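Colleague: Protein chains in written order, with my numbering: chain A, 39 to 487; chain B, 39 to 487.
In short, the hints are calculated from the structure, not lab data. Fair warning: this is a prediction, and the values are worked out from it, not measured in the lab. Be aware that one or more of the hints could be misleading.
[Stated by the list, open to error] BS3-like cross-link-like pairs, simulated, lysine-lysine; straight-line CA separation at most 25 angstroms:
#1 K353/A with K420/B
#2 K150/B with K196/B
#3 K353/B with K420/A
#4 K420/B with K40/A
#5 K353/A with K426/A
#6 K375/A with K150/A
[Claimed, not checked] Counterexamples of contact, computed for chain B against chain A with all Cβ distances above 12 angstroms:
#7 K233
#8 S267
#9 N393
#10 I455
C-beta: ideal position from N, C-alpha, C; glycine also.
Chain residues, written in single-letter form:
There are 2 protein chains.
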Amino acid sequence: MKISPISGFPEYLPSQRIVEQHFLDVIRETFELHGYPSIETRAVEPVERLLGKGGDADKEIYGIRRLAADEATAAADSELGLHFDLTVPFARYVLENAGHLSFPFRRYQIQKVWRGERPQEGRYREFTQADIDVVDVGELAPHFEAEMPLVIAEVFRKLPIPPMVIQVNNRKIPEGFYRGIGIEDVAGTLRIVDKLDKIGPDKVAEQLVAAGCTPEQAQQCLALAGIRSADLSFVEQVRALGVSHPTLDEGLDALAAVIRAGMDNAPGAMVADLKIARGLDYYTGTVYETQLAGYESWGSFCSGGRYDSLASDGKTTYPGVGISIGVSRLLGLLLSKGLVTASRSTPAAVLVAVNDEESRPTSVGIATALRQRGIPCEVAPKPAKFGKQIRYAERRGIPYVWFPGAAESGGDQVKDIRSGQQDDADASTWQPPAEDLRPQVTAGADPSP
Amino acid sequence: MKISPISGFPEYLPSQRIVEQHFLDVIRETFELHGYPSIETRAVEPVERLLGKGGDADKEIYGIRRLAADEATAAADSELGLHFDLTVPFARYVLENAGHLSFPFRRYQIQKVWRGERPQEGRYREFTQADIDVVDVGELAPHFEAEMPLVIAEVFRKLPIPPMVIQVNNRKIPEGFYRGIGIEDVAGTLRIVDKLDKIGPDKVAEQLVAAGCTPEQAQQCLALAGIRSADLSFVEQVRALGVSHPTLDEGLDALAAVIRAGMDNAPGAMVADLKIARGLDYYTGTVYETQLAGYESWGSFCSGGRYDSLASDGKTTYPGVGISIGVSRLLGLLLSKGLVTASRSTPAAVLVAVNDEESRPTSVGIATALRQRGIPCEVAPKPAKFGKQIRYAERRGIPYVWFPGAAESGGDQVKDIRSGQQDDADASTWQPPAEDLRPQVTAGADPSP
Numbered sequence: 039m040k041i042s043p044i045s046g047f048p049e050y051l052p053s054q055r056i057v058e059q060h061f062l063d064v065i066r067e068t069f070e071l072h073g074y075p076s077i078e079t080r081a082v083e084p085v086e087r088l089l090g091k092g093g094d095a096d097k098e099i100y101g102i103r104r105l106a107a108d109e110a111t112a113a114a115d116s117e118l119g120l121h122f123d124l125t126v127p128f129a130r131y132v133l134e135n136a137g138h139l140s141f142p143f144r145r146y147q148i149q150k151v152w153r154g155e156r157p158q159e160g161r162y163r164e165f166t167q168a169d170i171d172v173v174d175v176g177e178l179a180p181h182f183e184a185e186m187p188l189v190i191a192e193v194f195r196k197l198p199i200p201p202m203v204i205q206v207n208n209r210k211i212p213e214g215f216y217r218g219i220g221i222e223d224v225a226g227t228l229r230i231v232d233k234l235d236k237i238g239p240d241k242v243a244e245q246l247v248a249a250g251c252t253p254e255q256a257q258q259c260l261a262l263a264g265i266r267s268a269d270l271s272f273v274e275q276v277r278a279l280g281v282s283h284p285t286l287d288e289g290l291d292a293l294a295a296v297i298r299a300g301m302d303n304a305p306g307a308m309v310a311d312l313k314i315a316r317g318l319d320y321y322t323g324t325v326y327e328t329q330l331a332g333y334e335s336w337g338s339f340c341s342g343g344r345y346d347s348l349a350s351d352g353k354t355t356y357p358g359v360g361i362s363i364g365v366s367r368l369l370g371l372l373l374s375k376g377l378v379t380a381s382r383s384t385p386a387a388v389l390v391a392v393n394d395e396e397s398r399p400t401s402v403g404i405a406t407a408l409r410q411r412g413i414p415c416e417v418a419p420k421p422a423k424f425g426k427q428i429r430y431a432e433r434r435g436i437p438y439v440w441f442p443g444a445a446e447s448g449g450d451q452v453k454d455i456r457s458g459q460q461d462d463a464d465a466s467t468w469q470p471p472a473e474d475l476r477p478q479v480t481a482g483a484d485p486s487p
Numbered sequence: 039m040k041i042s043p044i045s046g047f048p049e050y051l052p053s054q055r056i057v058e059q060h061f062l063d064v065i066r067e068t069f070e071l072h073g074y075p076s077i078e079t080r081a082v083e084p085v086e087r088l089l090g091k092g093g094d095a096d097k098e099i100y101g102i103r104r105l106a107a108d109e110a111t112a113a114a115d116s117e118l119g120l121h122f123d124l125t126v127p128f129a130r131y132v133l134e135n136a137g138h139l140s141f142p143f144r145r146y147q148i149q150k151v152w153r154g155e156r157p158q159e160g161r162y163r164e165f166t167q168a169d170i171d172v173v174d175v176g177e178l179a180p181h182f183e184a185e186m187p188l189v190i191a192e193v194f195r196k197l198p199i200p201p202m203v204i205q206v207n208n209r210k211i212p213e214g215f216y217r218g219i220g221i222e223d224v225a226g227t228l229r230i231v232d233k234l235d236k237i238g239p240d241k242v243a244e245q246l247v248a249a250g251c252t253p254e255q256a257q258q259c260l261a262l263a264g265i266r267s268a269d270l271s272f273v274e275q276v277r278a279l280g281v282s283h284p285t286l287d288e289g290l291d292a293l294a295a296v297i298r299a300g301m302d303n304a305p306g307a308m309v310a311d312l313k314i315a316r317g318l319d320y321y322t323g324t325v326y327e328t329q330l331a332g333y334e335s336w337g338s339f340c341s342g343g344r345y346d347s348l349a350s351d352g353k354t355t356y357p358g359v360g361i362s363i364g365v366s367r368l369l370g371l372l373l374s375k376g377l378v379t380a381s382r383s384t385p386a387a388v389l390v391a392v393n394d395e396e397s398r399p400t401s402v403g404i405a406t407a408l409r410q411r412g413i414p415c416e417v418a419p420k421p422a423k424f425g426k427q428i429r430y431a432e433r434r435g436i437p438y439v440w441f442p443g444a445a446e447s448g449g450d451q452v453k454d455i456r457s458g459q460q461d462d463a464d465a466s467t468w469q470p471p472a473e474d475l476r477p478q479v480t481a482g483a484d485p486s487p
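Work out the full structure, taking the sequences as your base and the hints as a guide.
Modeller: What follows is the structure, encoded as structure tokens:
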């Protein structure tokens, strides 16, 4: 049976997986420092629930069915599908467990999702997302809208990647502005303006006029969408357009609060960018997108926003705000361009050599002593010539080889195979430099040829 | 739309997920200390590949299909199914990436798998497994068969669970023994003896005779299966049965080597248990099962063995040995019986109180200072009365509440809400006791009522 990759379902080699693990560890650690507990939801939801959300997501859903199902049970099985994001399952989880959760309820969720889309560069059928959300009952305090990008900015600051810029807007700004200049179809106008980066200002103006705007209204929309500032000056720039509407004022105040929190706590991480709209209709306040410096054409790697009705059971409504890191998309770019690399392909920092098969227990004992002090190691598979055992370590990037009984005293020695330096060592006390203990994940191309 | 759990697809509340994370962290950390790199494989494999392995697994496979697929593409989609274990995908991964891997190749893999089985206690349709395997090209050194249970014994020693006993056997022992007493149908005999724990010795003897054994042969089979020792005395007990066969000798030597390594490195963790057979036909040497003390009737929580042909591409054969922890099964038991518990339902060690909404930036600044030194914390959602902010922390199990400016000096104070002790504190130096920094996961029932 022929073996070949399945398009859209990427897999990593061990050294690439070490990069992915480092990214996921930094994400998790940062989310937890900010007090977010983890949840995971099952991979499947009723198809009916999946179809109800996320716009035209119905085109993308994978249904599942038991291959051995008979007619009767097949009907029931066919109602389950793989989740295509983590927001729909989270909303269901909140409703299902509301009685057991304390509100406002924060959570992070790092899981795979599946979409039956046509695979293309940076788009997968199976991929990992890392989400944080906060939901509350009835009302959600606005300071949570400032918290989301601060957490994300900290994640990106800790990762070995080019600068990330979190673009923030508030839906109320275009909504109030459009109403202030007499445009009624806010959603339709937003959808056209959202294409600005793709089709340019001339085409946007054309489409706006085709949709019923006057040329003056179209130019005003473009002027608003052109405003971008890393500080609070966007407020004055909007005011200078001479439009006034209470919803616009609300939006400007809310966005200013988010940007001010960014200036105070994560300088340089955020910009107010008034063209950001997000395609999805359910956002009602702050919205976020994120660009990687130098790779703007790849689109957003981290997006989200506030929704006044994340979930509702008819009696109670749960407003929320959330943001989602596209981990697989980001890694796909970084790995394919050689922008990030792991120092080795195994967690082992030490290979304990084996002098002969009879003395393997001695080598195993040394490895046990090293592990008890947290030093990852493995024992050589064969009592080969030392040169061969060193090459075994080299191929995996293991920095140290331990030679039992190699010292004149009869004690052990350890060799740093990068420098060739070989010293007497005692397994109960020897410690590698901290940077050698775990694989290092750093920016830049793989140094190996 | 009604919301209800889906049978066989368990989900955890945040405090239960903290228990699961602790288990997964211990498993990962131990695997990495032993030099195992991680891989993940895609969730799907061609159905043809899934059907080819694992006995009657075809009954259990979930196929996937795009709901929006038209006739033509539906045909192609229907050839993919969700993996039901991590061994079949690993074998495929080894063949697909052999040119990029260094052999012998170790890996660990912690992922969800799916089986369309009828759900019952301790059986799920979606569950997490944690596997380690070593594969080599052509030949696999026997010491790896001793390594597997040593790694697993270390995992179980570090987990807050009752004692685990790893039962080890070697397929060559019953095979040589059966041949030595004139039984030709080794596989058929093994399958019957494997039911010993379920149906008892009388029924096993009955079935063996029905399958063509003499009553004496049946009694010999039962005598062999009854042998169990934590030391090497099993060898003498087998010898005392007076059977000899070269394959039996090989098996006894191999099992003695594994048990000896266990006695040296993990005393009390392993027993030689000659009734262990494992249902699957592809095991050819050492086999492992694992019982939780006091919960033997739940069956094995960790199983595996050696297979001389894990994978083959026609030219090259890759023998391997592996073992798999049934993480979800184990957690399902422990959580349902209240045998393990987390000290809180959030990673946050500190809740920073908010005096009034205007001073929120002060509280955010304190939280930032604490986080910079690795202390997980969150800022109170509302400037409510302090009693209310304390109750917010209490409900989540957060041990400390930080009061900005509460000291007579105008500095801050921190209260341990369990003892009521409140002291002056500085966010740039204060450190909680190590055991309060992260949620503690311990054996025993949830202390809350």
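Colleague: Now look at each hint and say whether the structure bears it out.
Modeller: Now for the hints, and whether the structure bears them out:
Between K353/A and K420/B the CA atoms are separated by roughly 24 angstroms; this keeps the pair inside 25 angstroms, and the hint holds. Among the hinted pairs, K150/B with K196/B is consistent with the structure: their alpha-carbon atoms are about 23 angstroms apart, no more than 25 angstroms. Distance hint between K353/B and K420/A is fulfilled; the C-alpha atoms sit about 24 angstroms from each other, no more than 25 angstroms. With a C-alpha separation of about 60 angstroms, the suggested pair K420/B and K40/A falls outside the 25 angstroms cut-off, and the hint is violated.
Restraint check: the Cα-Cα separation between K353/A and K426/A comes to about 70 angstroms, which exceeds 25 angstroms; the hinted pair is violated. Taken as a hint, the K375/A and K150/A pair is honoured in the structure, with Cα atoms around 23 angstroms apart against an allowance of 25 angstroms. Against chain A, the non-interface label of K233/B holds: every CB pair exceeds 12 angstroms, the least being about 24 angstroms. With a cut of 12 angstroms on Cβ distances, S267/B stays outside the contact zone with chain A, its closest approach being about 21 angstroms.
The Cβ of N393/B lies farther than 12 angstroms from every Cβ of chain A, with a closest approach of about 14 angstroms, so its non-interface assignment holds. Separation of I455/B from chain A is adequate, the least Cβ-Cβ distance of about 15 angstroms exceeding the 12 angstroms criterion.
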